[in-house]
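Chemist: Fit chain B to the supplied structure of chain A, relying on the hints for placement.
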Amino acid sequence: MDFRPLTEVERRNLVTALRGNADTGLALLMDRRNTSFLGATEEVTDEEVINAIRSVPCHY
Amino acid sequence: MGLLDSEQGKRRLLTVEIPVIERYNEGRDPEFRIRVAPVGGTLVLRYRLKPGHNIYDLETRLLSSYPTVPPETRVLTLLKHCPHLLEGQTLCMWRQGSTRAASRWDPARFSSVFAVQAAWRWLACYEVWHESGEWPLPEAK
Chain A
0 MDFRPLTEVE RRNLVTALRG NADTGLALLM DRRNTSFLGA TEEVTDEEVI
50 NAIRSVPCHY
Chain B
0 MGLLDSEQGK RRLLTVEIPV IERYNEGRDP EFRIRVAPVG GTLVLRYRLK
50 PGHNIYDLET RLLSSYPTVP PETRVLTLLK HCPHLLEGQT LCMWRQGSTR
100 AASRWDPARF SSVFAVQAAW RWLACYEVWH ESGEWPLPEA K
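Protein chains in written order, with numbering that gives the first Met the number 0: chain A, 0 to 59; chain B, 0 to 140.
Chain A on its own, in the form it takes in the complex (with noise of 0.2 Å):
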């Protein structure tokens, strides 16, 4: 796979996100169509919850 990364801004983006979704229960937003990363969310409407990341388990 050529790999394609991240610009600096989308990275710091994410990475906030990450943080915010382990520290606070901040929602990670999937795109509906092709998961790709929409942003980071407090509230989630029912609408959304399958495309949320919210209270998923994870060691680290």
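Hints were generated in silico from the structure; no laboratory data involved.
A few of these clues could be false.
Said to hold, decoys possible - Non-contacting residues of chain B with respect to chain A, defined by C-beta distances greater than 12 Å in every case (computed):
| # | residue |
| --- | --- |
| 1 | Gly-1 |
| 2 | Lys-9 |
| 3 | Arg-10 |
| 4 | Leu-12 |
| 5 | Thr-14 |
| 6 | Asp-28 |
| 7 | Glu-30 |
| 8 | Ile-54 |
| 9 | Leu-62 |
| 10 | Arg-73 |
| 11 | Ser-131 |
Stated by the list, open to error - Covered stretches of chain B (in silico footprint by chain A; criterion: 3 or more residues with CB under 8 Å from a CB of chain A, positions within the stretch not fixed):
| # | stretch |
| --- | --- |
| 12 | 15-27 |
| 13 | 37-49 |
| 14 | 111-121 |
To be verified - Okay, the calculated beta carbon distance ranges per label pair:
| # | chain 1 | residue 1 | chain 2 | residue 2 | range |
| --- | --- | --- | --- | --- | --- |
| 15 | A | Arg-11 | B | Asp-4 | 42 to 50 Å |
| 16 | A | Glu-41 | B | Arg-32 | 24 to 32 Å |
| 17 | A | Thr-6 | B | Pro-37 | 38 to 46 Å |
| 18 | B | Ser-5 | A | Val-43 | 16 to 24 Å |
| 19 | A | Glu-42 | B | Asp-4 | 13 to 21 Å |
Being a predicted model, the structure only gives us computed values, none of them experimental.
The beta carbon of each residue, even a glycine, is placed where N, CA and C say it ideally should be.
Modeler: Chain B in isolation, oriented as in the chain A frame:
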């Protein structure tokens, strides 16, 4: 309790796993939908994820001991060796002996789609690690 070989397993399959997979697939581009296939005594979910600019092919196996034992997920797309990656490109995600509830798989609360979401988050960390050399989330004790 196997999902395919016990009444309890079949009930879980029909009332929990299949409905949540169908919901996950709603509105999803066909190439990103979860496809389910029985392989031997296990059920295998095959799917694609794209947390950044790269597309990864994955499979999650629901072993005959699932859901008591967590699903096993491996990435079929070739990865660079990195933290939290086990033999056969299996993702290291849960520690069943951990005293921290968030580090353990709980069969009463989680379904196979949680494993897909956990894989997405793992791959998002991998995309960050690939460029920075640093896993963005600290390891839980």
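Chemist: Can you let me know if the beta-carbon spacing of Glu-41(A) and Arg-32(B) is within 24 to 32 Å?
Modeler: Given about 28 Å between the Cβ atoms, the range holds.
Chemist: When you look at the beta carbon of Gly-1(B), is every beta carbon of chain A farther off than 12 Å?
Modeler: holds (23 Å)
Chemist: Are three or more residues of the stretch 111-121 of chain B within 8 Å, CB to CB, of chain A?
Modeler: holds (count 7)
Chemist: Given the range 38 to 46 Å, decide if the beta-carbon distance of Thr-6(A) to Pro-37(B) lies inside it.
Modeler: Between Thr-6(A) and Pro-37(B), where Cβ atoms are some 42 Å apart, the hint holds.
Chemist: Confirm or reject: Arg-73(B) is not an interface residue toward chain A, with every Cβ-Cβ distance exceeding 12 Å.
Modeler: holds (15 Å)
Chemist: Closest CB-CB distance from Leu-62(B) to chain A, is it above 12 Å?
Modeler: holds (18 Å)
Chemist: For Leu-12(B), is the shortest beta carbon distance to chain A beyond 12 Å?
Modeler: holds (18 Å)
Chemist: Closest CB-CB distance from Ser-131(B) to chain A, is it above 12 Å?
Modeler: violated (7 Å)
Chemist: Go ahead and decide if the range 42 to 50 Å is satisfied by the Cβ distance of Arg-11(A) to Asp-4(B).
Modeler: holds (48 Å)
Chemist: Taking 12 Å as the cut and beta carbons as the points, is Thr-14(B) off the interface with chain A?
Modeler: About 17 Å separates Thr-14(B) from the closest Cβ of chain A, which puts it past 12 Å; holds.
Chemist: 13 to 21 Å was suggested as the range; check whether the CB atoms of Glu-42(A) and Asp-4(B) agree with it.
Modeler: The hinted range 13 to 21 Å is violated for Glu-42(A) and Asp-4(B), with Cβ atoms some 42 Å apart.
Chemist: Per the hint of 16 to 24 Å, is the separation of the Cβ atoms of Ser-5(B) and Val-43(A) within bounds?
Modeler: Since the Cβ atoms of Ser-5(B) and Val-43(A) sit about 34 Å apart, the hinted range of 16 to 24 Å is violated.
Figure legend: structure checked against the earlier numbered hints; hints not met, in rising order: 6, 7, 8, 11, 18, 19.
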